[in-house]
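These protein sequence lines map, in sequence, to chains A and B. For the first sequence, numbering that gives the first Met the number 0 begins at 0 and goes up steadily by one. For the second sequence, numbering that gives the first Met the number 0 begins at 0 and goes up steadily by one.
Don't take each hint at face value.
[As the list claims (entries may be wrong)] Here are some, though not all, of the chain A residues that point toward chain B, as calculated from beta-carbon distances under 7 Å: (1) T14; (2) H44; (3) V45; (4) L48; (5) L98.
[Stated by the list, open to error] For each label pair, taking beta carbons as the anchor points, the in silico distance ranges come out as: (6) A:T214 to B:F34: 43 to 53 Å; (7) A:P229 to B:V25: 35 to 45 Å; (8) A:P272 to B:P8: 45 to 55 Å.
Because the hints were derived from the structure by calculation, they are not lab data. Note that CB positions come from ideal geometry on N, CA and C, so glycine has one too.
Residues per chain, in single letters:
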Amino acid sequence: MAIAETYLPGSRVATVGDYFALLKPRVMSLVIFTGLAGIVVAPGHVHPLTAFTALLCIAVAAGASGALNMAYEADIDARMSRTASRPIPMGHVGKGEALAFGWWLCAGAVAIMGLLVNALAAALLAFTVFFYVGVYTLLLKRRTAQNIVIGGLAGALPPAIGWAAATGSLSWAPLVLVAITFLWTPPHFWALALYRSDDYARAGIPMMPVVAGKTSTRRQILAYALLLAPLGLAPYFIGLAGPAYLAVAAAMGIAMAGCAAAVLFERDTAREPAARRLFAVSILYLFSLFAALIAERLIGAWM
Amino acid sequence: MAMADNFDPARDMRAKKRRSVAIALVLAGLVLLFFLMTIVRLGGDVVHFFD
Numbered sequence: 000m001a002i003a004e005t006y007l008p009g010s011r012v013a014t015v016g017d018y019f020a021l022l023k024p025r026v027m028s029l030v031i032f033t034g035l036a037g038i039v040v041a042p043g044h045v046h047p048l049t050a051f052t053a054l055l056c057i058a059v060a061a062g063a064s065g066a067l068n069m070a071y072e073a074d075i076d077a078r079m080s081r082t083a084s085r086p087i088p089m090g091h092v093g094k095g096e097a098l099a100f101g102w103w104l105c106a107g108a109v110a111i112m113g114l115l116v117n118a119l120a121a122a123l124l125a126f127t128v129f130f131y132v133g134v135y136t137l138l139l140k141r142r143t144a145q146n147i148v149i150g151g152l153a154g155a156l157p158p159a160i161g162w163a164a165a166t167g168s169l170s171w172a173p174l175v176l177v178a179i180t181f182l183w184t185p186p187h188f189w190a191l192a193l194y195r196s197d198d199y200a201r202a203g204i205p206m207m208p209v210v211a212g213k214t215s216t217r218r219q220i221l222a223y224a225l226l227l228a229p230l231g232l233a234p235y236f237i238g239l240a241g242p243a244y245l246a247v248a249a250a251m252g253i254a255m256a257g258c259a260a261a262v263l264f265e266r267d268t269a270r271e272p273a274a275r276r277l278f279a280v281s282i283l284y285l286f287s288l289f290a291a292l293i294a295e296r297l298i299g300a301w302m
Numbered sequence: 000m001a002m003a004d005n006f007d008p009a010r011d012m013r014a015k016k017r018r019s020v021a022i023a024l025v026l027a028g029l030v031l032l033f034f035l036m037t038i039v040r041l042g043g044d045v046v047h048f049f050d
């Protein structure tokens, strides 16, 4: 019977909220923020409506990539407690429906970026979607423990897209912001993977703690945090940021390295409180640095 | 049958209507965005564009 095929046990018609949840709004907010930083710190003047359009396209493409990620990883999500309540495993949105939703939104976002902003920003946006969906989700995620290291490039590119949207070109300055986010990704995700390692193991995802063990992951987290701390100061030394940014980046770099060191010496390996703390601090780290960049530039322009 | 337990036609109709309204609002927003961006890109010459 046709209805029985459509309405699975526990399923219902997808609501607007289900589609919004497919866009991974929390991830989207971080991407919008780093993209905004790229626009704000870029030299020259950009019309506010152009900046808004660019941010909208970045946000929609990021959200659509999240929807595609959920569609292609629906089998994994169903096996992990953290993701089992997402719309596809719950049966609220069909996999094909999510794929169509994601691909149309991606195509729309890239097309609008190209038509209303500029071709370089659109090309970078298309590359980011390709890298996140094609390289990270479909190629790396299930195959290698370096999945989030290499795949982290997709999440790191929004400042460069923002810069390209504002200037129509690229330079070393936005690539420094990309490098900061790129080096930030492993300690951030491996901290999560440390206290969710059972979940990842059950789902068959080769995250670093599952493949190399927790001890090796702790060392690598500290190594990345120690590389990230000085790199976080670089925007000041290349003239992209001022002393307020330097103070925030130095303080947060020390906090992040301190938390990473605490993860290395963690004794409570069942609950992993240090890893949970590092995960929270890493989010604060990225928000603080980009907030300082934006605030410094906006206050400077206002004064 | 399993679907009978939670199949609520009224609730599903409401959800479908909300989806239609959301799609309409997004499309209207896009039309407005294209209109405003056209004005922005034409800049100060917008009045004389068709001269």
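Outcome of the hint check:
no., hint, verdict
1, T14, "holds, 5 Å"
2, H44, "violated, 12 Å"
3, V45, "violated, 11 Å"
4, L48, "holds, 5 Å"
5, L98, "violated, 17 Å"
6, A:T214 to B:F34: 43 to 53 Å, "violated, 59 Å"
7, A:P229 to B:V25: 35 to 45 Å, "holds, 44 Å"
8, A:P272 to B:P8: 45 to 55 Å, "holds, 49 Å"
Hint compliance for this structure: hints 2, 3, 5, 6 are broken, all remaining hints hold.
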